[in-house]
Structures are given as C-alpha cells and as structure tokens.
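Enquirer: Single-letter residue listing:
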Amino acid sequence: MGSYNWNWPILLKEPYFTWIVTGFGKTILIAVLAWAIAFPLGSAIGIARTADNRALRYAGTAYVDIFRNIPLLVQMFLWYFVVPELLPADWGRWVKREMPYPQFTTAVVCLGLYTASRVAEQMRSGIDAIPRGQRNAGLAMGLKPSQVYRYVLIPVAYRTIIPPLTSDFLGVFKNSSLALTIGVLELTSQARQIEEYTFAAFEAFTVATVLYCLVTGLVILIMRILEGRTRIAGTLAVGAQ
Amino acid sequence: MIELKNVSKWYGPFRVLDDCSMSIAKGEVVVICGPSGSGKSTLIKCINGLEPFTKGTITVEDISVGDRSTNLPKLRSRIGMVFQNFELFPHMTAAENIVLAQQKVLGRDRAAAEAKGHELLDRMGLAEQAAKYPSQLSGGQQQRVAIARALAMDPIAMLFDEPTSALDPEMITEVLDVMVKLAEEGMTMAVVTHEMGFARKVANRIVFMDQGTIVEDADKESFFGTPRSERAQLFLSKILQH
Amino acid sequence: MFGSFDFAILWANAPFLWNGMLLTLQLTGLAVTGGLLLGTVLAVARLSPIKPLAWVVEAYVNFLRSMPLILVIFWFYTLVPKLIGRPVSSFYSVLIAFVMFEAAYYSEIIRAGISSVRRGQISAAMALGLTKMQSMRYVILPQAVRNMVPVLLTQSIVMLQDTSLVYVVGLRDFLTSADIVASRDNRPTELYLFVALVFLVICFSASRLANRLQRKYAL
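Chains as they are written, first to last, in this note's numbering: chain A, 1 to 241; chain B, 1001 to 1242; chain C, 2001 to 2219.
These are calculated hints, taken from the structure and not from any lab test.
The structure presented is a predicted model; accordingly, all values stated were derived computationally and were not measured.
Cβ coordinates follow ideal geometry from the N, Cα and C atoms, glycine included.
Treat the hints with caution; some may be incorrect.
Label pairs and their calculated CB-CB ranges [said to hold, decoys possible]:
1. C/2047 <-> B/1123: 38 to 44 Å
2. C/2019 <-> A/65: 27 to 33 Å
3. B/1135 <-> C/2206: 26 to 32 Å
4. B/1010 <-> C/2055: 25 to 31 Å
5. C/2145 <-> B/1110: 20 to 26 Å
6. C/2089 <-> A/53: 49 to 55 Å
7. B/1025 <-> C/2047: 40 to 46 Å
8. C/2145 <-> B/1013: 37 to 43 Å
9. C/2197 <-> A/51: 25 to 31 Å
10. A/53 <-> B/1122: 52 to 58 Å
11. A/133 <-> B/1013: 36 to 42 Å
12. B/1233 <-> C/2116: 40 to 46 Å
13. B/1107 <-> A/221: 53 to 59 Å
Here are the simulated lysine-lysine pairs, PhoX-like style, with alpha carbons at most 25 Å apart [claimed, not checked]:
14. C/2132 <-> B/1045
15. B/1104 <-> B/1074
16. C/2216 <-> B/1132
17. B/1074 <-> C/2132
18. B/1104 <-> C/2132
So here's chain A without its partners, still in its complex pose:
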C-alpha cells in the first residue's frame, strides 16, 4: 500500500465530479422508479396470495417463485436481450429502435418486477400474521371481503411489515448497481470508470461507498420515524425472510 499515490482532489475535477453526480442521480432515479412499480404491484400480488380464490393464490405463488429463483442479473439479461426478440414483431421493433432510454427503462422494469416479488412475500406474511378472528369479525359485521381487506387487514399488515419492507427498499438501491451490466451509467459504474481513467481506485470507490452508506442511513432513519408514527400499541413487527 505504500506505493499508492493518493489523489483525492481529482474527484473534484471535471469530468469526474459530474460523473459522480450523474451516477448518483441515476442510482436514485432507478431505485425510486423501480419501487414505484414494485410497491403497488407487489402489494397486489401479496394480497392475491392470501385470497380464498385458488386461481389467484396459484398465480401469485407462481409469480413469486419465478422471480425469486432466477438470479437478478439473469433477469436483467433476459429483459434486455431476449424479451425484445420474443415480442410480436411490431412491439419488438419499437422496443429495439424507438423506445427512449432503452437501457434505463429496461433496468427499471426488471428491478421493479423483481422487487415486486419481494414486496409480495412481505405483504403475504403480514396478512397471514393477522389472526383469522380479525377477518371473521369483519365478515360477521356484514363487510364484504374486499372491505375486510381494505379496512381491517391491509392497514394492520402494512404497519407490521415496515421493517422488512425497509430492507427490501434498501435492496432496490443496492440492486440498481446491476444496471451497469447493460450499460446504465449509475454510481458504481461511474466509480469504476473513474478508476479506469485515473487509477484513483481507492478514492473513487470510497466516494461510491460513502454515498451508498448515506442513502442507507437516511432511509433507515426515515423508516424508523415512519414506524414510530404509525405503530399500533402492543404489536410486534413481522416479516418474511
């Protein structure tokens, strides 16, 4: 390590500084957009897995099993290289030639659908953890099943799964780094690029590391506040592995 030439100031020079900023921005954007897909979709699938309707349950389980058992990187390649080939000719052509920001969009869609499977698991375990008696009490009052879900089950489930959901939300930020394999210039790829141009490996990777840790710390803090504000007295958090 003695022969390493430290060069921190280079990170403040152009174009490297801009690379870091845009890279970080892309990371945040990918994560937020992917979560915007994953959260509603995953909630719906998770609810489907607890439904009385067997078809819904099987469909939900199939979704989760497929997305959880294929590595995320393989999924990324499938979306980017394979799906455009398998689509009907017109759609395929549009995706390959005319879709704006193809790599970015593909990364967001891939990450969103993958994370939805994780959200689905949390949602399912959150609802399953609610004693059956709650559902029965709702039905006995004359509420329809959809109302039971809306007023009785879902509000409670969301509150109890905040901790594991937090960890999945952080996972989206971390998994955004996989977008670099299809050419998206997010934070990690920019750090690598700086390293290749300047040989300031340590400095570049440190900045990336610090930024990721910052995001993690901030998210955990916000989630703790959220958990405190919405806590139901006397309940413990529940989650899936």
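Chain A is fixed; fit chains B and C onto it per the hints.
Expert: Just chains B and C now, kept in the frame of chain A:
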C-alpha cells in the same frame, strides 16, 4: 435450612424486593402468594441464584447464595426448580431430559441415570411417555416430567414457581397430586402459587407478598382463620370466591 | 415466436457451459463454507459481553449490508492484489469478497438463531446445576442450530444466485460462459433462457428442501 435476611432488589427507582426476610426449615412446606407484580417469583428465583439481588443475604444450609466464591452450579444441583412454563428441553425426549443433568452435573453413569429416570416416571404413571418428546405430551404430563427431572438430582429442597398457572383446569389436579405426595414424604418445599386448596392441604406456613414486601408470614391456621393484614384479607376474599 | 429456436447450440457448447457451472458451484461451495465459519465467529463476537468487540462487529455487519455486492467485488478485485503486492487471480479476489460479504448476512442469521431460544430454557438448564458452557452445549446450541438451518440454506441459495455477479470481472462462471457463447454466435435467447431455466430448477428445488427441513426440524 433456607434463610433469607433483608433481601432487597432494585432497578434505579423501582424496588422489586424490599427488605424481605423469611426462613424455611427442613421438611417445611411454605406457600408464597400475592397479587401479580408482588415480587414472589423474583424472590424464589433469588434462592437458587437465578436472579441476583442487590442487598441482604440468602443462605442454603449455611452456604451463602450471594457470595462470589460460592459454586453456584453445585448449589443449584442440590435445589430442584419447577417453572411455570415447564421448560422441558424440546430437542430431547422425556427420559433424556431427566438424564442430562444427572450425567453432566452429578457424574452418574448413563445406566444409573436412566434407571433413576424410569423409576421416577413410573411413580408418576408416566412410564409410557419416556421416549416421547415434550411436544407430544400434554401440559400436565410435561410439568410432571419437569418435576421428575428436578427430583432426579436428589435435591434437599424443591422450589416451585407457579407450577400450575399455565395448565388447563383439568390438568391442574394431576400436578398438584404429585406435589402433595412430595410434601407428605417430607420434602422441603417453597411454592409460589394461587392454589389455596393445595395450601390448605399441605402447607405449614403461608407467606403473603405485596409490592415487593412480605406483608404476612403466618402458619396455615392463622392465615386462613383471621389474617392480620387488610391486603391479605382482600386478596384471600378475591381468590377464595372460586 | 419459437420457430427459429436453436437447441443445437446448447448441445454444441455443453462442455464449455458445464465448466462454467462447475466454477459457479465451486465458488458457491467455498463461499458458503468460508461465510459460515466467519459468520459464526462474528455472531459469537456480537453476543459476547466484551462491548467494544460486539460494537466493532456490529459496525462491520451494518457497513457491509449497506453496499451493493458489485461494489464489494470491485473493492476486493482492486484491493487484494495491492495488499498482497502481486497480481492475484480474480477467482481468489472474488472469493474473498464473497466470504466477507456473506459472512455479514450469515452472522445475523446465526445471532438471531441463538437469541431465539427461549430465555426460560437457560434458566431451566442453570437451575439443574449445568454450567454456562454446558447449558450452551447441550441445551441452547442444539435448539439454535435446528432453527437456523433452514434460514441458512435459504441464504445459501441467495449466495448461489449472487455468484452470477462475477460477470462484472469477467470470471467464467455459468452465466458469463453462456454470455460469451451468446455474443459470439448471436443467440442470446436460447442461452439466457437456458441459464434462467437451470437456475430456476436448482433454486426452486433447494428452497423446497429448505421448507421441508423447516417443517420437520424447527422447534
């Protein structure tokens, strides 16, 4: 045999035990009762050092429990304890539960330990359950196995911490019967319980605790006849209604 | 859609792909073993009464869990040769990265497993006169291990999937090998679908096994 002198335990401003003194002679059966939070469970757990205490002394056959130089595991091997939630080891069969401490603490060889275990289970009518796991036994059966596990160590005294509180009503009797027999055989016992019927039958003395202090310590007749303190009277009236 | 699907290409490159799979399995096996060993040490350190030690380990675990695995791989890929002073094969750099990374996750699972044993069990063991070591050995650890194993297995399945990330440093695992063939012969569809299918089968079976273990042995 067991002496508690001015035992106190506190966390910051919160006093769990406040200047408790009592003694249990050999062969005596002492029932400790009181409302929840009165510190009775804590007190009994101090006797075998499972709970530390801040002030006072506890001696068992002249060995001080609070003293740093005391060999606690050795002392504990001579006092048996039965817990509210049975606490059988779920990964071992009933027989293995009873054999473990005999082998590892008393150094008995396996054959002797197993024989002792079978003898005890047999006395309680549980010989058939020896090879079963705790999850396969009812609550009453589990608690009786737990008692056998403690008795296998040939203890000089037995401590019971609310032994029937976690049992369904129909199983309470089978456990109390075992405890009554134990008392009649002359075992020194300290029992934390709400079961006043049991107390009436075999207790020599009743100790009533409230908010960390011993409010009353009387022999059986006096306690059930005319308890001196108001709190004990109130407590008894609520309990004895059932 | 599947009209021009070309299975032959899979047959033709089977040995090459198989070598990739071997590397994947090798890397996974070594990383799981190393991760478990280091993870156990970390878990014990975190549960120890020596506060500074527990604190340092906690910081390490939280730190590693805040970063993407790809970044950790890059770190060790550039750092290990510099530390040792001479070039190191990427396999070893990557292996160290995986062991350090996964150990953080394993240590959390192990710590949770030990803490999950009911407190009353410790009381009961000590009330019988067992020493702290004896209680650990005969009462706590057997229960903790039985609860931990399904979760550790699940994490190992995750580990198997994570090894595909060696793509970023060009190590020829299963996915990278398939990618090489796909680019060379311009047949991404067949290759990537094949890779997806293989992983799906392996991971799905393994997670079913984990579920069965959970139902049978967890206390």
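Enquirer: So, for every hint listed, does it hold in this structure?
Expert: Quick rundown of the hints versus the structure:
1. C/2047 <-> B/1123: 38 to 44 Å: holds (40 Å)
2. C/2019 <-> A/65: 27 to 33 Å: With Cβ atoms ~29 Å apart, the hint holds.
3. B/1135 <-> C/2206: 26 to 32 Å: holds (27 Å)
4. B/1010 <-> C/2055: 25 to 31 Å: holds (28 Å)
5. C/2145 <-> B/1110: 20 to 26 Å: holds (23 Å)
6. C/2089 <-> A/53: 49 to 55 Å: holds (54 Å)
7. B/1025 <-> C/2047: 40 to 46 Å: With Cβ atoms ~42 Å apart, the hint holds.
8. C/2145 <-> B/1013: 37 to 43 Å: holds (41 Å)
9. C/2197 <-> A/51: 25 to 31 Å: holds (29 Å)
10. A/53 <-> B/1122: 52 to 58 Å: holds (55 Å)
11. A/133 <-> B/1013: 36 to 42 Å: For residue 133 of chain A and residue 1013 of chain B the Cβ distance comes to about 40 Å; the hint holds.
12. B/1233 <-> C/2116: 40 to 46 Å: Given range 40 to 46 Å: holds, Cβ gap about 44 Å.
13. B/1107 <-> A/221: 53 to 59 Å: Holds, at about 55 Å.
14. C/2132 <-> B/1045: Roughly 17 Å between the alpha carbons, so the hint for residue 2132 of chain C and residue 1045 of chain B holds.
15. B/1104 <-> B/1074: Roughly 12 Å separates the two Cα atoms, so the pair holds.
16. C/2216 <-> B/1132: holds (16 Å)
17. B/1074 <-> C/2132: At roughly 12 Å apart (the allowed maximum being 25 Å), residue 2132 of chain C and residue 1074 of chain B satisfy the hint.
18. B/1104 <-> C/2132: holds (12 Å)
Hint check: no violations occur; every hint is consistent with the structure.
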